[in-house]
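> Modelling step: build the complete structure from the supplied sequences, incorporating the hints.
Residues per chain are reported as follows:
Protein chains: 2
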Amino acid sequence: MAYIEHGLAMTGARASAARTESLVADGHKSDIESTWHAFSHSARVRTQRLDQHSVVFYEGDTANRVFEVIDGAVMLYKLLPDGRRQVVDVIGANDVFGLPRGLTHDCNAETLTKVTLRVFDRKDTETRVEVQGHINRCLMAQVEKLHDHAVLLGRKSAFERVASFLFRCIPDCKTDDCDGSGVHKCSSSNMITLTMTRQEIADYLGLTIETVSRVISEFRRKGLISLEKQDHIRINSLCGLCRMTGAH
Amino acid sequence: MAYIEHGLAMTGARASAARTESLVADGHKSDIESTWHAFSHSARVRTQRLDQHSVVFYEGDTANRVFEVIDGAVMLYKLLPDGRRQVVDVIGANDVFGLPRGLTHDCNAETLTKVTLRVFDRKDTETRVEVQGHINRCLMAQVEKLHDHAVLLGRKSAFERVASFLFRCIPDCKTDDCDGSGVHKCSSSNMITLTMTRQEIADYLGLTIETVSRVISEFRRKGLISLEKQDHIRINSLCGLCRMTGAH
DNA sequence: CGCCGTTTTGACACTTCTCAACTTACGTGG
DNA sequence: CCACGTAAGTTGAGAAGTGTCAAAACGGCG
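So the sequences go chain by chain: G and L.
For the first sequence, the working numbering begins at 5 and goes up steadily by one.
For the second sequence, the working numbering begins at 5 and goes up steadily by one.
It should be emphasised that the hints constitute simulated quantities derived from the structure, not laboratory data.
Given the structure is predicted, the values throughout are model-derived calculations rather than measurements.
Mixed in with the good hints there might be a few duds.
It does not matter which identical chain is meant; a pair holds if it fits inside one copy or across any two.
Computed cross-link-like contacts, SDA-like style, restricted to lysine to any residue with a CA-CA straight-line distance of at most 25 Å [claimed, not checked]:
1. K82 to H252
2. K226 to P85
3. K82 to G244
4. K82 to D176
5. K82 to R247
Pasting the structure below:
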């Protein structure tokens, strides 16, 4: 399986830029070049590496490829005409994105980290059974994640949103692991490395950058977390944070 | 194909009740009784009718059936432990629901109207290819709808949310039909019959019942809409309302 | 006709946003 | 290696939007 390095990655529509510029459908060039290679079962599949902050596709682009994240994270977001942005999903390893209802993508896709993707021809996803089953499971998981996120956006306070977000970032640890008893089952290092900027977090949580910053500072003052660096957060009280998510 | 009338439908967890009572996983009884009938291709399928405000399933219930709406509307919602509710989706005709990532349902399902459902055995949806393709398309559409709803919940004002909601309720009319020119392509009657109570609308839009009421009153004062009855709304200015959705 | 649940309206409180200034972190070039 | 410039993040004060609580109005149904 050939890895295709390409040095074309330009810095895509960044957070700050996205706030002010409204991106219109035409005249865009995503950071993915189409160099297809034959694959097993006569399907066209390839693996692709992208730098951080690369654009995979724009809203409105014709959707003829489907992507699976092998490694790294991809952010999906939508823009309102006046520049307001909402990050609608963050796609991690083993998850799929770029599946449209119609002919075009409904949102923009941008890498949050260095990313390795598996790229499928869209037609194959519609004809090959084993791929369909996989996509099906990914879509169901995505729907559930979006349901949870709707609860977060519609009903949770800023504190609860940030706490939920930080929790989500702890590797191998879910809110379900906490039963409110004060003892956590997960034994991770409780060390988070954020791949998103404050602006991206804010746009994901439906808040402003200032509110996110204030809440994180407040958590720090309360001793729940410590900031080793701006994007390196240590969770001091897993249960203390968990109690603030609103899920218990 | 046999329609099975059943008179067992009790009034499920209603909006007001759901606000105060937290629903725990055990001891529930949904309004659907399992009477399976043999169907073509050796799959177990049946058609079922339910009254308004019937419970299809609860969050945490074992998910061994998948549902397709033939006629009517079903509401999916989640509850936080303190009673806050978020309606995560409203499922209309030809759409599918009850597809879980794991073994149990991630949300509650309740009918908004009299509903006719087609009920599948879950195993069939995993093995039969023609069903998978259909489910796949439904899931993709659902993901896009949830993306849109995330934008609404995360980035739109109360006015924009209610305007977007009313627009969504106009049959055969989408926000895309409006280009801001003042002329609307869709030629519907501009008459809406709401199937949701104010509480349900509020829980769908991430607002309070009072805010929803106030916004509707304000739209009425501005002449954008008229209320023939509380749940019968006439849209006087389609474009005026459209301009308030934030989508243009 | 009167009751009860839903909706509307009002006054006020509180959360979050906005705007502005300041601080910190990071990369470049001297 | 340090100084500088720029971008990112933090903090503060005030404004705006939405929530909360309470009361009144409305609508459906016995």
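> Give a verdict on every hint.
Outcome of the hint check:
1. K82 to H252: between (31 Å within a copy, 14 Å between copies)
2. K226 to P85: between (39 Å within a copy, 24 Å between copies)
3. K82 to G244: Between. Shortest inter-copy distance 24 Å satisfies the 25 Å Cα cut-off; intra-copy 33 Å does not.
4. K82 to D176: Between copies, since 24 Å is at most 25 Å while 28 Å is not.
5. K82 to R247: between (31 Å within a copy, 18 Å between copies)
Checked against the numbered hints given earlier, the structure satisfies every one of them.
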